[in-house]
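Anchor point for the sequence shown: position 51 equals 80 in this note's numbering, and the numbering is continuous, going up by one each time.
I should point out that these hints are in silico values taken from the structure, not numbers from a laboratory. Any given hint could turn out to be false.
[Claimed, not checked] Distance ranges between label pairs, derived from CB positions:
#1 L42 with P262: 25 to 31 Å
#2 M33 with G142: 40 to 46 Å
#3 D163 with L34: 33 to 39 Å
Note that CB positions come from ideal geometry on N, CA and C, so glycine has one too.
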Amino acid sequence: MIDMLVEQVLLFLISVAANVLSSLAGGGAGLVQLPALIFLGLPFATALATHKIATVALGVGASIKHGKQGHLELPFALFILACGIPGVIVGARTVLNLPENAARISLGLLTIGLGIFSFVQTNFGQVWQPRNRDKRGMLLGGIWLFLLGFLNGSLTSGTGLFVTLLLVGWFGLDYKRATAYTMVLVGLFWNGTGALTLTMLTPAQWSWLPALILGSVIGGYWGAHLAIQKGNPVIKRVFEVVTILSGLSLIGTVLA
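Input sequences plus hints: build the corresponding full structure.
Here it is as structure tokens:
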């Protein structure tokens, strides 16, 4: 009984830490949570399914906080869902059948590069300047969202960070609005779709989920509160740190 209680407390603390960072930075819960689940003894496929289910609760926690701020435009939100969810389904159905080491190293290097890019661009994501909302811009952005959905369904770690960066760099959102979209739409709907697809293909560790889900809700709400309170400069710095660490984590899972 004591061992089980210690296990649940440890899972809860891991989940809170992972999801505070993710909600504040606009992605990256897998940086802490997925490797931790693997380290605690779960096979990769089971850890991935368990992580996906738990991160849906991150979207719930973040939605409760961001929903009060009016940062989401419904038509644009539906566009993100329509482009990304088909990619999530394809990616989740593909991940269990493909070797992933080369993809993880490539994605890790690219993620690190994005963090460095944001760091050297001092004004990046600090001002809301919507752009690329014409047909061409939406088409190209939609293609990128589909590809990011595929990565979200398959590689899982760090893809929310890519969505945040796309919303800032291509569509001209500031970091505060971009993280709101990512946490609500990716955290709740993309991850929900991935979790449903994965659990149809491989079992999750159901006994671990209560602690992980509770930690996700609390961490998601707390992180969203900090993001709203601290504003774009702090979100930008946290995004950069989490992005670089996420990239290193992806590479480390291959080299370890």
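Each hint tested on the structure:
| no. | hint | verdict |
| --- | --- | --- |
| 1 | L42 with P262: 25 to 31 Å | holds (28 Å) |
| 2 | M33 with G142: 40 to 46 Å | holds (42 Å) |
| 3 | D163 with L34: 33 to 39 Å | violated (56 Å) |
Comparing the model with each earlier hint shows a violation of hint 3 alone; every other hint is respected.
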